Amino acid sequence: MSSILAVDDSASMRQMIAHTLKGAGHDVTEAGDGEEALGKAKSGKFDLVVTDINMPKMDGITLIKELRALANYKGTPILTLTTEASADKKQEGKAAGATGWIVKPFDPDTLLNTISKVLK
Amino acid sequence: MAIDVSQFLQTFYEESFEGLDIMESGLLNLDGGSENSESINDIFRAAHSIKGGSGTFGLNAVASFTHVLESLLDEMRDGRRQITKEGVNLLLESVDCLREMLKASQGGDELDAQRIADVHGRLEAMWGKKEAASPVATASGADNESAASEANSGWDIKFSPFAYILKTGNEPARMFRELGELGELTVTVNTDKVPDFSEMDPDECFLSWDLKLEGNVKRSAIDDVFSWIEEDCDLKITPIASKPDTASQPAAASGPTAAPTSASARSGGATAEAASIRVGIDKVDSVINLVGELVITQSMLSTTGEAYPALQAGLAQLERNTRELQEQVMRMRMLPVSFVFNRFPRLVHDISQKLGKQIELKMSGEQTELDKTVIEKVTDPLVHLIRNSLDHGIEMPEDRRAAGKPATGTVWLDAYHKGGNIIIEVKDDGKGIDKSVVLAKAIERGLVDASVHLEDEQILDLIFQPGFSTAKEVSDLSGRGVGMDVVRRNIQSLGGGVEIRSKEGEGSTITVRLPLTLAILDGQTVEVGTENYIVPLVSIVESTQIKPEMLNYVAGKGETFMLRDEYIPVIRLYEIFDSKPRHTDITKGLLVVVESDGKKIGLFVDDLLGQQQVVIKSLETNYKKVDGISGATILGDGSVALILDIPGLIRLSQQNCNTDRLKMSA
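Chains as they are written, first to last, in this note's numbering: chain A, 1 to 120; chain B, 121 to 786.
Derived from the structure by calculation, the hints contain no laboratory data.
If you're wondering where the values come from, they're calculated on a predicted model, not measured in any experiment.
Some hints here could point you the wrong way.
Distance condition first, Cα-Cα at most 30 angstroms in a straight line; then the derived DSS-like pairs of lysine-lysine [claimed, not checked]:
no.	chain 1	residue 1	chain 2	residue 2
1	B	Lys313	A	Lys65
2	B	Lys538	B	Lys287
3	B	Lys719	A	Lys22
4	B	Lys561	B	Lys205
5	A	Lys74	A	Lys40
6	A	Lys74	B	Lys482
7	B	Lys547	B	Lys492
8	B	Lys719	B	Lys547
9	B	Lys287	A	Lys42
10	B	Lys356	A	Lys74
11	A	Lys117	B	Lys403
12	A	Lys117	B	Lys623
13	A	Lys40	B	Lys287
14	A	Lys45	A	Lys117
15	B	Lys700	B	Lys744
16	B	Lys720	B	Lys700
17	B	Lys278	A	Lys117
18	B	Lys744	A	Lys74
19	A	Lys117	B	Lys338
20	A	Lys65	A	Lys45
21	B	Lys492	B	Lys561
22	B	Lys555	B	Lys474
23	B	Lys720	B	Lys745
24	A	Lys65	B	Lys287
25	B	Lys719	B	Lys561
26	B	Lys287	A	Lys74
27	B	Lys667	B	Lys482
28	B	Lys287	A	Lys22
29	A	Lys117	B	Lys356
30	A	Lys42	A	Lys22
31	B	Lys205	B	Lys492
32	B	Lys287	A	Lys45
33	A	Lys40	A	Lys117
34	A	Lys117	B	Lys313
What follows is a list of derived Cβ distance ranges for each label pair [said to hold, decoys possible]:
no.	chain 1	residue 1	chain 2	residue 2	range
35	B	Pro526	A	Leu70	53 to 59 angstroms
36	B	Ala283	A	Asn72	19 to 25 angstroms
37	B	Glu319	A	Leu119	20 to 26 angstroms
38	B	Asp312	A	Ala69	42 to 48 angstroms
39	A	Gly23	B	Asp402	23 to 29 angstroms
Glycine included, C-beta positions come from ideal geometry on N, C-alpha and C.
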């Protein structure tokens with residue numbers, strides 16, 4: 001069981017992610033934008049961060065940069081949720097320090113498979 | 121693990137409709153000509169979310185529609201595409217289409233497939249690309265593997281990650297684990313580049329690996345393992361049998377791509393998301409109901425408790441707390457009127473284009489809160505009032521200029537509190553209402569006698585009479601057979617009222633008064649025999665005791681009495697509700713004069729009791745609809761009192777007259 005921070009401004013996506021991960025026995029914390037996520041990340045330690053990129057207040061790219069600057073999250077896996085339309089977004093996320101990406105739309109199984117890869 | 125994603129659909133619909141509202145108001149902002157990067161970002165983000173969600177939740181038609189829309193918006197956002205009026209109009213139409221598609225998939229509404237295909241086609245034409253495949257369908261891994269690479273006995277992999285690899289959270293060990301799952305893996309480590317211990321940075325990777333993966337493994341499966349880091353390493357993948365340089369991944373050299381410098385989304389967005397939770401309206405209603413019961417229990421207790429002085433302090437406190445609890449719970453049902461107002465910028469935009477008028481809409485007080493049900497029911501009347509202002513109020517630009525006014529007309533929409541009510545005002549600076557035309561029309565229609573002198577307000581009030589319309593010809597917009605009388609009736613059914621003021625050449629103001637809530641009513645308790653009835657306080661004009669000489673029996677009007685210069689029909693409540701009164705002699709009891717739709721009747725009752733706030737209980741849900749009764753309530757002594765439906769009683773009295781008339785002509 002791992003503790004996972006799920007960040008997306010869309011409530012339905014958050015619900016879906018949280019429900020899927022909780023079903024697999026993980027501990028899930030949700031955040032609706034980068035700012036909220038950063039606050040939650042600072043006050044805890046997550047084994048994995050899954051974040052949307054396009055969000056209000058603080059976008060996913062900025063969030064990743066901020067997280068990588070924290071000692072606690074130097075090597076923590078961070079996955080971005082991106083759409084195919086934004087191929088450059090994958091690389092933008094990578095350049096900011098993301099571990100990898102999950103392509104939207106995705107189904108719960110894809111999410112679980114991908115996540116099980118990066119979790120030890 | 122099988123997870124049914126449809127359970128998240130409801131949330132997806134709700135947030136998508138909100139997203140569409142954001143898109144709409146954002147687009148209207150753009151239309152206003154303001155170069156607003158914040159607006160376009162909001163619009164893009166909303167479209168982006170809808171696209172992502174619709175794909176995930178299996179709404180592929182919505183996803184492919186939004187894909188084109190999003191691509192267009194992306195170009196506008198980056199400044200690659202000019203934002204034109206035509207563009208904004210097409211995007212607005214797309215918002216309508218999406219709303220329709222989502223509604224159709226949510227509730228099985230009719231879908232105008234033709235229109236959607238049309239708009240979709242126009243979006244694609246504007247985008248300039250015909251992307252046949254839907255974005256959902258395009259699979260990531262290319263299935264174009266050659267037969268040669270399909271059948272082999274394994275792969276040699278040379279893997280040299282760049283030093284920073286660990287900082288991206290990618291651990292080589294994980295990839296080896298994944299490769300190990302594909303086939304037989306042999307790992308050889310190269311430690312040549314490892315520096316002296318003193319110079320070593322534990323966060324950097326100095327190792328490289330030679331891997332041998334045996335078994336019938338697809339090339340694409342290996343690519344998948346390395347897909348996240350193909351830019352972060354030197355990677356050579358060759359089939360075991362062949363020479364090392366025949367097939368190789370041309371990775372390496374490129375290094376990590378430079379990040380585009382301008383971050384796309386700005387921080388500190390204007391989306392003022394209030395901290396809130398979503399709760400089903402049924403839950404809120406059941407709490408409101410329970411609090412209603414509590415209020416009744418409390419008032420029963422205080423009636424009983426009057427005999428016990430020791431209880432007084434506690435009971436007084438209970439009353440205070442209950443009242444406060446009730447107020448707070450009622451607030452849970454309240455929504456800002458912006459829920460209705462938000463649709464008007466679009467309405468004004470569309471209609472003024474259609475009419476060729478220049479109209480600006482100014483709104484204020486959008487945060488004023490109203491009961492959810494009131495909000496829902498007041499929407500149509502408000503749409504009608506605004507359409508009237510646009511259609512009949514505001515003049516064509518040339519007429520306005522000729523009248524010395526600015527070419528652009530203004531419609532104000534304002535909401536505010538006033539004495540326990542909410543007032544919504546629709547005001548325009550148009551041509552106003554010609555009272556002589558109104559009066560002539562009313563006389564022609566037989567609504568009023570030519571000999572009667574009417575004050576200005578009375579003339580304007582004629583507009584609300586059934587069967588009245590001043591429009592010269594029925595236009596496409598107003599005059600859909602729904603007149604101002606319907607507007608007034610709808611608003612009155614909410615316990616509110618509507619008034620009009622107008623000055624020729626300067627404009628008109630229509631004032632709609634609404635109750636804060638439909639759950640509580642200020643009532644006057646009246647007594648008929650042993651029964652108590654509640655008369656809504658808003659409809660009471662006056663109460664009076666009459667003398668025999670004021671009474672009259674008018675043919676076709678039944679029993680009436682003369683109040684000043686008006687004949688007012690009398691309704692004996694005991695006759696209607698078949699109860700035993702104390703008085704049948706009309707001079708002994710009291711007449712409560714009530715008014716609705718501009719008509720007055722006198723209700724004959726035994727006595728007036730107190731005035732109080734009552735909690736309304738629906739008779740229809742608990743029993744059945746009864747003519748002349750709008751609901752029931754429970755009084756302090758535990759007894760049930762019926763709440764009178766004044767417009768219904770007035771209709772009843774008119775029917776009675778008609779039957780009288782029939783009797784007389786027979």
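Against the structure, the hints come out as follows:
A distance of roughly 28 angstroms separates the Cα atoms of B/Lys313 and A/Lys65; the hinted pair therefore holds under the 30 angstroms criterion. Of the pairs offered as hints, the one joining B/Lys538 and B/Lys287 is violated, with about 62 angstroms between alpha carbons and a cut-off of 30 angstroms exceeded. Of the supplied pair hints, the one linking B/Lys719 and A/Lys22 is violated, its CA atoms being roughly 64 angstroms apart against a limit of 30 angstroms. Pair hint B/Lys561 plus B/Lys205 does not hold up; C-alpha atoms about 42 angstroms apart against a cutoff of 30 angstroms.
Pair hint A/Lys74 plus A/Lys40 holds up; C-alpha atoms about 16 angstroms apart against a cutoff of 30 angstroms. Under the criterion of a C-alpha separation no larger than 30 angstroms, the hint pairing A/Lys74 with B/Lys482 is inconsistent with the structure, at around 51 angstroms. For a cut-off of 30 angstroms, the pair hint linking B/Lys547 to B/Lys492 stands: about 24 angstroms separates their Cα positions. The suggested pairing of B/Lys719 with B/Lys547 holds, with an alpha-carbon distance near 27 angstroms, which does not exceed 30 angstroms.
With a C-alpha separation of about 18 angstroms, the suggested pairing of B/Lys287 with A/Lys42 holds against the 30 angstroms cut-off. Between the alpha carbons of B/Lys356 and A/Lys74 the distance comes to roughly 28 angstroms, so the proposed pair stays at or under 30 angstroms and holds. Distance check on the hinted pair: A/Lys117 and B/Lys403 sit about 42 angstroms apart at the alpha-carbon level, beyond 30 angstroms; violated. Proposed proximity of A/Lys117 and B/Lys623 is contradicted: the alpha carbons are some 74 angstroms apart, above 30 angstroms.
Proximity of A/Lys40 to B/Lys287 is assessed by CA-CA distance (about 21 angstroms); at most 30 angstroms being required, the pair is judged to hold. Distance check on the hinted pair: A/Lys45 and A/Lys117 sit about 19 angstroms apart at the alpha-carbon level, within 30 angstroms; holds. A distance of roughly 23 angstroms separates the Cα atoms of B/Lys700 and B/Lys744; the hinted pair therefore holds under the 30 angstroms criterion. This hinted pair checks out: B/Lys720 and B/Lys700 have alpha carbons roughly 25 angstroms apart, not beyond 30 angstroms.
Between B/Lys278 and A/Lys117 the CA atoms are separated by roughly 21 angstroms; this keeps the pair inside 30 angstroms, and the hint holds. This hinted pair does not check out: B/Lys744 and A/Lys74 have alpha carbons roughly 68 angstroms apart, beyond 30 angstroms. Restraint check for A/Lys117 and B/Lys338: the C-alpha separation of about 19 angstroms stays at or below 30 angstroms, so the hint holds. Restraint check for A/Lys65 and A/Lys45: the C-alpha separation of about 16 angstroms stays at or below 30 angstroms, so the hint holds.
Proposed proximity of B/Lys492 and B/Lys561 is contradicted: the alpha carbons are some 38 angstroms apart, above 30 angstroms. As the CA atoms of B/Lys555 and B/Lys474 are separated by approximately 28 angstroms, the hinted pair is consistent with the 30 angstroms bound. Distance hint between B/Lys720 and B/Lys745 is fulfilled; the C-alpha atoms sit about 24 angstroms from each other, no more than 30 angstroms. Between A/Lys65 and B/Lys287 the alpha-carbon distance is near 11 angstroms, which keeps this suggested pair within the 30 angstroms criterion.
The suggested pairing of B/Lys719 with B/Lys561 holds, with an alpha-carbon distance near 20 angstroms, which does not exceed 30 angstroms. Restraint check: the Cα-Cα separation between B/Lys287 and A/Lys74 comes to about 6 angstroms, which is no more than 30 angstroms; the hinted pair holds. For the hint pairing B/Lys667 with B/Lys482, the CA-to-CA distance comes to about 54 angstroms; that exceeds 30 angstroms, so the pair is violated. The straight-line distance between the Cα atoms of B/Lys287 and A/Lys22 is roughly 27 angstroms, inside the 30 angstroms bound, and the hint therefore holds.
Only pairs whose Cα atoms come within 30 angstroms are accepted, and A/Lys117 paired with B/Lys356 is accepted, the gap being roughly 22 angstroms. Between the alpha carbons of A/Lys42 and A/Lys22 the distance comes to roughly 22 angstroms, so the proposed pair stays at or under 30 angstroms and holds. Of the pairs offered as hints, the one joining B/Lys205 and B/Lys492 is violated, with about 35 angstroms between alpha carbons and a cut-off of 30 angstroms exceeded. Note on B/Lys287 and A/Lys45: the hinted pairing holds, with a Cα-Cα distance of about 17 angstroms set against a maximum of 30 angstroms.
Taken as a hint, the A/Lys40 and A/Lys117 pair is honoured in the structure, with Cα atoms around 24 angstroms apart against an allowance of 30 angstroms. At roughly 28 angstroms between alpha-carbon atoms, A/Lys117 and B/Lys313 fall within 30 angstroms of each other, so this suggested pair holds. Restraint check, B/Pro526 to A/Leu70: a C-beta distance of roughly 57 angstroms satisfies the suggested window 53 to 59 angstroms. Against the hinted window of 19 to 25 angstroms, the Cβ-Cβ separation of B/Ala283 and A/Asn72 comes to about 22 angstroms, which satisfies the hint.
In this structure, B/Glu319 and A/Leu119 break the distance hint of 20 to 26 angstroms, their C-beta atoms being roughly 32 angstroms apart. Take B/Asp312 and A/Ala69: their Cβ atoms lie about 32 angstroms apart, and the range 42 to 48 angstroms is violated. A hinted range of 23 to 29 angstroms holds for the C-beta pair A/Gly23 and B/Asp402, which are about 27 angstroms apart.
Of the numbered hints given earlier, the model fails hints 2, 3, 4, 6, 11, 12, 18, 21, 27, 31, 37 and 38; all others are met.
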